[in-house]
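> Sequence:
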Amino acid sequence: MSLVFMLLSYFSAIFTISASPIGQPRKEIHRRSLATRDTTVQFSEIDASFTLGAAESKVAASGTYPRLARLSDGGILSIATFQDGSDRVLRVSRSDDDGGSFTEIGEVARSTGDLDNGYLLQLPSGTILAAFRNHDKNADGALTYFRITVCSSTDGGRTWVFAAQAAENAASASGFNGLWEPFLRLGGDGAVQLTYSGELSQTNQETFRALSRDEGKTWSAPANLRLHGDRTDQRDGMQGIVSVQDAGSGQETLVMVFEVKEGNYVHLATVTSTNDGESWGSRSTIFQAANHNAGAPQIASVGNNLAVVFMTDEDTDASSLNWPDKATIKMIFSSELRGGQLDWTTQTLKLSDASAYWPGAFQRASNDIIAVYERGGTPYGKVVSAA
Numbered sequence: 000m001s002l003v004f005m006l007l008s009y010f011s012a013i014f015t016i017s018a019s020p021i022g023q024p025r026k027e028i029h030r031r032s033l034a035t036r037d038t039t040v041q042f043s044e045i046d047a048s049f050t051l052g053a054a055e056s057k058v059a060a061s062g063t064y065p066r067l068a069r070l071s072d073g074g075i076l077s078i079a080t081f082q083d084g085s086d087r088v089l090r091v092s093r094s095d096d097d098g099g100s101f102t103e104i105g106e107v108a109r110s111t112g113d114l115d116n117g118y119l120l121q122l123p124s125g126t127i128l129a130a131f132r133n134h135d136k137n138a139d140g141a142l143t144y145f146r147i148t149v150c151s152s153t154d155g156g157r158t159w160v161f162a163a164q165a166a167e168n169a170a171s172a173s174g175f176n177g178l179w180e181p182f183l184r185l186g187g188d189g190a191v192q193l194t195y196s197g198e199l200s201q202t203n204q205e206t207f208r209a210l211s212r213d214e215g216k217t218w219s220a221p222a223n224l225r226l227h228g229d230r231t232d233q234r235d236g237m238q239g240i241v242s243v244q245d246a247g248s249g250q251e252t253l254v255m256v257f258e259v260k261e262g263n264y265v266h267l268a269t270v271t272s273t274n275d276g277e278s279w280g281s282r283s284t285i286f287q288a289a290n291h292n293a294g295a296p297q298i299a300s301v302g303n304n305l306a307v308v309f310m311t312d313e314d315t316d317a318s319s320l321n322w323p324d325k326a327t328i329k330m331i332f333s334s335e336l337r338g339g340q341l342d343w344t345t346q347t348l349k350l351s352d353a354s355a356y357w358p359g360a361f362q363r364a365s366n367d368i369i370a371v372y373e374r375g376g377t378p379y380g381k382v383v384s385a386a
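Under numbering that gives the first Met the number 0, the first residue of the sequence shown is numbered 0, with each subsequent residue one higher.
To be clear, the hints were calculated from the coordinates, so they are not data collected in a lab. Each statement offered as a hint is correct.
Subject to a maximum C-alpha distance of 25 angstroms in a straight line, what follows is the list of computed BS3-like cross-link-like pairs (lysine-lysine):
1) K57 / K349
2) K325 / K57
3) K325 / K349
What follows is a set of in silico ranges between Cβ atoms, one per label pair, in the way DEER data are often shown:
4) D86 / Q201: 25 to 35 angstroms
5) L199 / A141: 14 to 24 angstroms
6) K57 / D154: 22 to 32 angstroms
7) E277 / R36: 37 to 47 angstroms
8) N321 / T345: 23 to 33 angstroms
9) Q201 / D154: 39 to 49 angstroms
Please read these numbers as outputs of a predicted model, since none were measured by experiment. Every residue, glycine too, gets a C-beta built ideally from N, C-alpha and C.
Generate coordinates for the entire structure from the input sequences, incorporating the hints supplied.
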């Protein structure tokens, strides 16, 4: 039994099932190559072109909900959720060829509960944080306690110790007060910012933020960012954040992308912040598939543009929808941020034409990103670059 597992058990730490299913491995329906060579596509709406690499790399031997993080020594770490018998396991792999191949090096945590949604961040000191959902279940499989757990590593991701519970609460009688999908970033003042999705009711989910100034050991009380104000009919979730400079004002601006469940379908939206995430505004729908779903977005910079990778069932006949099943991975792109405004393409770039899920976006260099996703129980990645 690992030290991390004993610590997590001591703090009653177990794993999760999301109210909107997250990170569950899906059976591969079919697989065929989109292309045998790199493909460059023009997006006339924003006067830009992007190249989709033909190569598809495995970012972990198996698992789901992949995410990548750059290390100060030039390496790249991946984290993914793996099913090992009755245990859910968060495993870490490393690449030393800029994302071309990965080798497993460590295990963050394992649990018989609902463990998923891993996210990595290296701090200036070299310490690496892993945040993840970590929920208890009873004998019937019902969730009884919700957590966003943080662990840390000081040896490059090989070994991990418990750091803190950034957020936690017991399940309510309704069961709709879960905590999901943590995201980590370093604020301008050096504080670690952790955002996550918190259920307020069956139809209402908001984005919360907690701060740590001691490398994840303690956290501020989570604050509701109130991205949809007083409305109670929107479920915001799966947020990702990127920092960009406004080409007009020169002001550093955060752009957050997230999914919105409103009515019967899920769509994509953004908000922006000019005070390092303290408050957010300019809420805007950026992609909506008529009578279909588009969700689980992540965002990264590529050249002067932004790219959002997401999953959608818009190519599935409306009579056979079963979200989030039968999803494909696509991307949309924006113009550069100018005067607080972004223009998004209606044209999409398809990354995987077989059923694939839970994508992530990693900025590998100034002009390219690695988009990651799970297909058939294996995490893959493809490079998308500014042409």
